[in-house]
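Asker: Chain by chain, the residues:
Protein chains: 4
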Amino acid sequence: MKTRSEYLASLQAMKHNVWMNGQRILRPWEDPQIKPGINIVSLTYEWPQSTEHQDLLTATSHLTGERINRFTHIHRSRQDLQNKVEMTRLYCRETGCIQRCMGIDALNALSVITHQTDAMFGTSYFGRLTDYVKFFQANDLVGNAAMTDVKGDRSLRPHEQSDPDLYLHVTEKRADGIVVRGAKAHNTAAPYAHELLVLPTRDMRPEDADYAVAFAVPADAEGLTLVCRGAAPSSKHEMAFPFSSRYATVESLTIFDNVFVPWERVFLCGEWQMAGYLAEAFATYHRHSYCGCKPAVTDLLMGAAALVSRYNGIEKSHHVRQKLAELMTTAELVHTCGLAASLKGQEQGSGTYLPDLVYANVGKYYAGTNLHHEMELVQDLAGGLVVILPLEGDLTSETLGPVLSKYLAGPADLAVEDRIRCFRLVEDLTASKFAGLLMVAGVHGGGSPEAERLAIFRSYDLESRVTAARRAAGFEP
Amino acid sequence: MKTRSEYLASLQAMKHNVWMNGQRILRPWEDPQIKPGINIVSLTYEWPQSTEHQDLLTATSHLTGERINRFTHIHRSRQDLQNKVEMTRLYCRETGCIQRCMGIDALNALSVITHQTDAMFGTSYFGRLTDYVKFFQANDLVGNAAMTDVKGDRSLRPHEQSDPDLYLHVTEKRADGIVVRGAKAHNTAAPYAHELLVLPTRDMRPEDADYAVAFAVPADAEGLTLVCRGAAPSSKHEMAFPFSSRYATVESLTIFDNVFVPWERVFLCGEWQMAGYLAEAFATYHRHSYCGCKPAVTDLLMGAAALVSRYNGIEKSHHVRQKLAELMTTAELVHTCGLAASLKGQEQGSGTYLPDLVYANVGKYYAGTNLHHEMELVQDLAGGLVVILPLEGDLTSETLGPVLSKYLAGPADLAVEDRIRCFRLVEDLTASKFAGLLMVAGVHGGGSPEAERLAIFRSYDLESRVTAARRAAGFEP
Amino acid sequence: MKTRSEYLASLQAMKHNVWMNGQRILRPWEDPQIKPGINIVSLTYEWPQSTEHQDLLTATSHLTGERINRFTHIHRSRQDLQNKVEMTRLYCRETGCIQRCMGIDALNALSVITHQTDAMFGTSYFGRLTDYVKFFQANDLVGNAAMTDVKGDRSLRPHEQSDPDLYLHVTEKRADGIVVRGAKAHNTAAPYAHELLVLPTRDMRPEDADYAVAFAVPADAEGLTLVCRGAAPSSKHEMAFPFSSRYATVESLTIFDNVFVPWERVFLCGEWQMAGYLAEAFATYHRHSYCGCKPAVTDLLMGAAALVSRYNGIEKSHHVRQKLAELMTTAELVHTCGLAASLKGQEQGSGTYLPDLVYANVGKYYAGTNLHHEMELVQDLAGGLVVILPLEGDLTSETLGPVLSKYLAGPADLAVEDRIRCFRLVEDLTASKFAGLLMVAGVHGGGSPEAERLAIFRSYDLESRVTAARRAAGFEP
Amino acid sequence: MKTRSEYLASLQAMKHNVWMNGQRILRPWEDPQIKPGINIVSLTYEWPQSTEHQDLLTATSHLTGERINRFTHIHRSRQDLQNKVEMTRLYCRETGCIQRCMGIDALNALSVITHQTDAMFGTSYFGRLTDYVKFFQANDLVGNAAMTDVKGDRSLRPHEQSDPDLYLHVTEKRADGIVVRGAKAHNTAAPYAHELLVLPTRDMRPEDADYAVAFAVPADAEGLTLVCRGAAPSSKHEMAFPFSSRYATVESLTIFDNVFVPWERVFLCGEWQMAGYLAEAFATYHRHSYCGCKPAVTDLLMGAAALVSRYNGIEKSHHVRQKLAELMTTAELVHTCGLAASLKGQEQGSGTYLPDLVYANVGKYYAGTNLHHEMELVQDLAGGLVVILPLEGDLTSETLGPVLSKYLAGPADLAVEDRIRCFRLVEDLTASKFAGLLMVAGVHGGGSPEAERLAIFRSYDLESRVTAARRAAGFEP
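Protein chains in written order, with my numbering: chain A, 538 to 1014; chain B, 538 to 1014; chain C, 538 to 1014; chain D, 538 to 1014.
Any given hint might turn out to be false.
[To be verified] Non-contacting residues of chain C with respect to chain D, defined by C-beta distances greater than 10 angstroms in every case (computed): (1) Ser692; (2) Ser699; (3) Asp745; (4) Arg858; (5) Thr1004.
[Said to hold, decoys possible] Ranges between beta-carbon positions, derived for each pair: (6) A:Ala550 x B:His590: 53 to 63 angstroms; (7) D:Gly888 x C:Ser1001: 29 to 39 angstroms; (8) D:Asp794 x A:Gly930: 18 to 28 angstroms; (9) D:Asp794 x A:Lys552: 57 to 67 angstroms; (10) A:Gly813 x B:Ala949: 31 to 41 angstroms; (11) B:Ala949 x C:Glu935: 55 to 65 angstroms; (12) D:Phe672 x A:Gly930: 51 to 61 angstroms; (13) D:Gln810 x C:Gly813: 51 to 61 angstroms.
Simulated from the structure, these hints should not be mistaken for laboratory data.
Think of the CB as a built atom: it goes at the ideal place given N, C-alpha and C, for glycine as much as any other residue.
Generate the whole structure from the sequences, applying the supplied hints.
Answerer: In structure tokens form, the structure reads like this:
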């Protein structure tokens, strides 16, 4: 397993195809908007080195028998699935979003679907993928999952778009590989990932065959451009954004301008029947991951809510306890879905375990449609000061500083600067650009509520309930 | 294990202390209001005899090594806890409420708390209880849990009530046993149970010591009077209430008029410090059971909703699918709590496994505060006919029958009588006296939403979240 | 204006075409299931005779200048609309549903649409209707609105049904009138109304022209059969259902077997373009009425919730106050919609005022999707005793009565029999057959939530908001 | 009435006591964070000059008979109240928050309570206030309401705080006036208002008499320091924040360091019994104002939601229409409360009309507890691009611009730059620092949900509902 400094060095060695706000930037250190993303991923290299939580954060490769980072592991049991969910909550309670989940979710989905594809189409994707996984594990790589196409007119299928490039597709098949063109959006962590794992974003029809493609490319491959944007504040004042100035993801809109991919890195190419299954398998793994990270976000919101209540002197109020209990309930409803999806996970043909689709979707759906209300509860307990607290320049001003200290006091036994810090945290988590990203990612990350609702409806065994109802009604069997 | 007919015979042999609507009735067959309750319990003697689901419905006694009904089993593993939840959903998808859960929940709670009490107070309750469990298993008994006192003025503690009997208490301690007086309410299944397992209903203070009492008595013991009430319809027409005329619980308000209990059946007596723990342990087991039965009720509601949509010709509508998906989500959010509470169950000193308190409470809380909305969804899909469908006499009338058949038709390929049957089911499940019981039991069974909210708040590790928030805010460690 | 006894006498004089449970019954007194409905309507003859609330309960006819019952009035101002809403809440706080609203809602809708139809088609419906209204006012009649067809397969339009009678239609046009066949469902109050006002239930297409028909018939006209069903309990014990044994509506499924209607009573016949507008106008008036009656139902639920909290000794608890405040909020959100719909009512071509469609729909939608939750809150505050309270026979038994009185006591200063009465009320209102009708009527009365959502969406001035958003975004004007 | 340029000139003439981020800034133009606030207020000087909406935006002074800006008017009728609500929605659909409401809300509250205080205490505040109102109207002034104290430990009353200045109080009474010290928070628009209207923030007890003080001071009075903070973006790129770069409020934490107030500007001083009533009266007026501004915010969100759906090609989807209908419902539920509170407004002793307290509170409560969900709906319809859209520098880059234009296309007939603009609007309104302010102001502006719930509970006529329930239960009258 790599160390933190090896990870940073590996980034430095990459080619320069990352842009932000019209400038090409060097990987990774130059921009304060990117550093908070790298800070997060670095933890996934640091924590497994310590003795605590080793069982959770590392695994034994079923391919090599080596001790590996769990973020490179193919799940071989229900316990593996449960470990992933719990590892995710652990990391995210520190960082909000650990980012490295998506790479391993993509590899697991590929390990399920390449095996099925080979069985149905006589292809040999699974073997290729297995070789790639070995390489990925041996080098302890960070993978980004590039799934969502830019989509153009969403009421049209890929081949119906006015510009064929609005979904990524194969433009040429050569003896040594394929050439692809298009763009993938919302590629979290891409500017500091080693590899992009490209997956189709939806089910396809025969006419969409060129769009049914999955593969891996180095994130600095020829023809790739990453147009990036961070949720971190641009402000210099650490205090103003105590959390997001340290930890925040960076997203890329990634443009594939005739990128060449050698065959050994191609895992689906033209088998349009499998595109939807691959998208669904990835979504299931990734929604399962959300059952770990979203409760962790609630943990932070709940902790902030409890803390700010103390700093307001209201923590004993009935309504405060009620709101905290509501946050607890929300966190655990989502987390139980992750646990249950693990417990009911099923071994697939490849030996890989897939979490229960319904439970994973229910968890993400509930998380994504409750986050805004959670933020409302935190703001409710905090009060208007969240957005009114004087700026850093006022607080540190010789003229204003002392008088502001006087008037921003809370309960007499608590330090004013701590109270200010606490309010800054609430602002950072609920009323900032960073909070905006948290909210939108909560709704759309891993798929929208409509997508999840549809997945639940389609996969649910409704007929067994209809049978039960018919029996209850006394219908003839 | 007993057979169904042995169970019925054992009821016949009991003394006559069951009253309904001012009349003493014989156990069990005479009253159509009681029979639907017995029908349910009978299934727990029938189904384990068949080969299907044997692993789920039976267990191996850790005391005797015998094959026993799982409803008499002390949970010795997380798998046992999971089996109980899944067995409960299986039975309840047929019956709505299986009733026999409460007895085994009480015995498990006692097995945890008697052991702790012995450790703290040097008593010998655990040994007594173990003997009693052997007797209970050997005779495959049905146990009722008599917990909720009538409570009088709920703002007062037991010893503060104007009438000391408003909570059940010990009135005399004798060499051979104790004498108790009081009344316990909401004793589901009591008129066709063999044993009443009596538990304290809340935490106690030193002045309440006489109220800190737990014990077992035969349901026909001297001094016991069961004033009963069934949710089944009194109507003769089976068709009018296709479900509740077959399956419906019966509740008892049970009066203990100086009932004698020999010491070997006393499991707590005066150790007021443990009363709250015992109440909480039972509540945890029982809320865990609700994570099996409430999803089963939703299964029936969802099945009825899908069925009635077909009979209305609207099953393809977007809003119908959306509402069905909402019911699916509700069912599984509750069930995942049951699975997670099992998975995170902990072995107690006695070797008994206790489900995770927070998860069990979150599941019951969510179930109890969503059931009414589920009924709204079913009624929404069904339409006004639910409460307007002509009565049996009209439908079977020579004059009106044919014309009603004409006008109650739905889609042309579906039989009118089936459509009528389907609407009767919706009425029975959502708009009847039986539905009233379902709703109230959903809110209050196993404890009220406030009780669950309080349990969650008290048991939750809030401080670890505050610590995470402080770290997120950049506080000095 | 008629007196109560004149109203009862007028019912006695009608022909016998009312059936219940397979028996033809005499209007009106014989059946305890019908009497609670007549009790309600009787109040609308009694209260206007007293001096209190005369301005609210009566009006001056714009046709004759006579003092008339407001339930026969055509609204000529915004104040008239407001008065109708407030009159409705006043009556319904006593009775739950006043029933007589639908007749006047139908006449007002007809007065708007007949005028428009005449203007577009050169017909002379408005004059006929005006004559009919004079007759209706002079005789102080009770009108039922018969709108909802039985509909068969709801995915099909009227002319597409396998049986053409599944929507009511004209089968013959004669010199002196028309003949109609079909059935109308959910005809509240029909068995004790004088007149049925028949309206189309939806928009129509050219092929549906025979279904585009509106008219008035006496409720005992030749060829009419009313198959009825009441929500009142069949039980003899008044105490068991203290409310619904006095006040409860009766519904009819009304069969039109070649009923002849003279032309002077026909108000639409073949102008299919207007069918949807007429249905919408009636729905608007009727949803406006719901903004009066539903808050009144909440008033009763809220009062019961407060009362039962007192009888439980918990009325000072924070969560109790919070739940009561939630009920207050729900009641007034609905009522404000009624007030606002009145304030923003518009005069139509005929001089009749129509309430604002959006506000009326928003009010009914909110009411219909919150009622079940209101019932949950009342049950939550009451506790399990709602459905467990021993039956009348037990309470009045010499053996059991005294001991039940002892154990059903609440706070020491409150009478036990009053506490029992209070719980019976909660059962009657929330956990009974009658409560089932309340719930279903709450969802579907005046149209389903989907129908209201659609009405809001279609009528709302969305484009003005899009314009505002475009301006906000800085688009070129 | 002043013109826009007269308003700006009047600001220029004021003393320099406004600080932002540690710098003293000149009123008003220098800081881009303040200008968006002034832009808003300027509209209230421009729009009344045009002919459109003159009746709504101006009024006739009951004191002088002059045509005045309605933002300086004392409401003399229900129509006046309705006009204020509708004027507020009109302005806020353009600006989000019009800011000038609070000044007139404060003057109206003072006109009610000073009259009552004089009647109870023989004081002469009402006359003073009337003179002040004439001055305010004649000069067409902008008033800020400075109400919320910084409060310190919220579990303590004013006189119990460790620092007596944590609530503003009188430190000296002189022959010519009073001296006050303390700080008021959340003073919207203060840096570009002419006058601060200072009110007590809560009910008081005898020991708090020095805190029971109300008065008016010029915003640049000696001893006043305004520490300000704007919600506007600091970014230079207009496009990035198309709305908030033009329109956004500025808030002040205002420090009163021994400020002298002459008696003719003092409107309450020591009559602690009236402090709570004054706070409540202001809250009622201000929550009534929210029933105009919050629906306007929803108008903008709804318009943005519809627009972004078009730019995504999904506007015909059922779920999109459903979500838009939900936004419509929310907007109008709040607005109906404003209309109903006006319609049920009551004349007070002074001749001033006060809106109905319950309706005003219900409206604000509903608005404040639904806004976050509204934002969720908008984000749901928009998709992840809201927070991922490349930054301005990328879009305008010669290298990246063209390729980004290609890949950010939506439906083929819509311009890409318009689509980008539309997404920027959604980001600005829902996922930015400005959105954070909108959310917190939605929850806490005019008081928190708990404050509103309490106000509803306290003012509601619960006993009449209990009486109705007792009658329904058949209690003896």
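Asker: It remains to establish, for every hint, whether it holds in the given structure.
Answerer: Verification of the hints:
1. Chain D leaves serine 692 (chain C) outside its interface by the beta-carbon criterion, the shortest separation being 15 angstroms against a cut-off of 10 angstroms.
2. Taking the minimum C-beta to C-beta distance to chain D, about 27 angstroms, the non-interface status of serine 699 (chain C) holds against the 10 angstroms cut.
3. Taking the minimum C-beta to C-beta distance to chain D, about 24 angstroms, the non-interface status of aspartate 745 (chain C) holds against the 10 angstroms cut.
4. The beta carbon of arginine 858 (chain C) sits about 5 angstroms from the closest Cβ of chain D, which is not more than 10 angstroms, so the claim that it is off the interface is violated.
5. Under the 10 angstroms C-beta cut-off, the non-interface status given to threonine 1004 (chain C) relative to chain D is violated; the minimum distance is some 7 angstroms.
6. Remark: the range hint 53 to 63 angstroms for alanine 550 (chain A) to histidine 590 (chain B) is upheld by a beta-carbon distance near 59 angstroms.
7. The hinted range of 29 to 39 angstroms is satisfied by glycine 888 (chain D) and serine 1001 (chain C), whose Cβ atoms lie roughly 36 angstroms apart.
8. At roughly 20 angstroms, the beta carbons of aspartate 794 (chain D) and glycine 930 (chain A) sit within the given window of 18 to 28 angstroms.
9. For the pair aspartate 794 (chain D) and lysine 552 (chain A), the beta carbons lie near 60 angstroms from each other, so the given range of 57 to 67 angstroms is met.
10. Between glycine 813 (chain A) and alanine 949 (chain B) the Cβ separation comes to about 35 angstroms, which falls inside the hinted range of 31 to 41 angstroms.
11. In this structure the hint that alanine 949 (chain B) and glutamate 935 (chain C) lie 55 to 65 angstroms apart at CB holds, the actual value being about 60 angstroms.
12. Remark: the range hint 51 to 61 angstroms for phenylalanine 672 (chain D) to glycine 930 (chain A) is contradicted by a beta-carbon distance near 36 angstroms.
13. Checking the proposed 51 to 61 angstroms range against glutamine 810 (chain D) and glycine 813 (chain C) shows it holds: the Cβ atoms sit about 60 angstroms from each other.
In terms of the numbered hints stated before, the structure departs from hints 4, 5 and 12, listed from lowest to highest.
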